[in-house]
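Okay, so the sequence shown: first residue is 1370 according to the numbering used here, each after it adds one.
Errors might be hidden in some of the hints.
[To be verified] In silico DMTMM-like links for lysine to aspartate or glutamate, alpha-carbon gap of 25 Å or less:
| # | residue 1 | residue 2 |
| --- | --- | --- |
| 1 | Lys1421 | Asp1450 |
| 2 | Lys1484 | Asp1513 |
| 3 | Lys1421 | Asp1466 |
| 4 | Lys1494 | Glu1467 |
| 5 | Lys1410 | Asp1373 |
| 6 | Lys1494 | Asp1466 |
| 7 | Lys1401 | Asp1450 |
| 8 | Lys1410 | Glu1467 |
| 9 | Lys1401 | Asp1447 |
| 10 | Lys1421 | Asp1373 |
| 11 | Lys1421 | Glu1467 |
| 12 | Lys1484 | Asp1450 |
| 13 | Lys1410 | Asp1466 |
| 14 | Lys1494 | Asp1447 |
| 15 | Lys1398 | Asp1427 |
Just so you know, the hints here were simulated from the structure itself, not pulled from any lab data.
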Amino acid sequence: MLSDLQESVASSRPQEVSAYLTRFCDQCKQDKACRFLAAQKGAYPIIFTAWKLATAGDQGLLLQSLNALSVLTDGQPDLLDAQGLQLLVATLTQNADEADLTCSGIRCVRHACLKHEQNRQDLVKAGVLPLLTGAITHHGHHTDVVREACWALRVM
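Using the sequences plus the hints, can you model the full thing?
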């Protein structure tokens, strides 16, 4: 499945990428072993490339890319590299008005920082704290966003 996802991303076929990301998320949600195997097989660079493809304006694909990143980094914060941390902050900044994207992005922040001091420091330096508090203020009526932001702040 990863090779199919990689081929779809390389060919810039958003609909196929979307379908593969959905299947990837479903598979990785099963247990940690699936996420670990996906990481060993090189899932992060593929998801990162899909994520960059989605930043061109495809909100649906962007949400699916963030969801895939969130599932993959759950318990594996080392996967997120410096480029990923920068893109995560940029994605949160550019999509601050979108509750679903904000929630998924904040979940990625939480997973990246849990048990990973360097990611915490790098994200704080990149300006994630005002984004987290701003999400609570801006999306106060979306309980999922508030919950994720509070969890992320607690981890910070």
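Hints, one by one, checked against the model:
no.	hint	in the structure
1	Lys1421 - Asp1450	holds (14 Å)
2	Lys1484 - Asp1513	holds (22 Å)
3	Lys1421 - Asp1466	holds (19 Å)
4	Lys1494 - Glu1467	holds (23 Å)
5	Lys1410 - Asp1373	holds (13 Å)
6	Lys1494 - Asp1466	holds (22 Å)
7	Lys1401 - Asp1450	holds (20 Å)
8	Lys1410 - Glu1467	violated (32 Å)
9	Lys1401 - Asp1447	holds (15 Å)
10	Lys1421 - Asp1373	holds (18 Å)
11	Lys1421 - Glu1467	holds (18 Å)
12	Lys1484 - Asp1450	holds (15 Å)
13	Lys1410 - Asp1466	violated (35 Å)
14	Lys1494 - Asp1447	holds (18 Å)
15	Lys1398 - Asp1427	holds (24 Å)
Hint violations for this structure: numbers 8, 13, all remaining hints satisfied.
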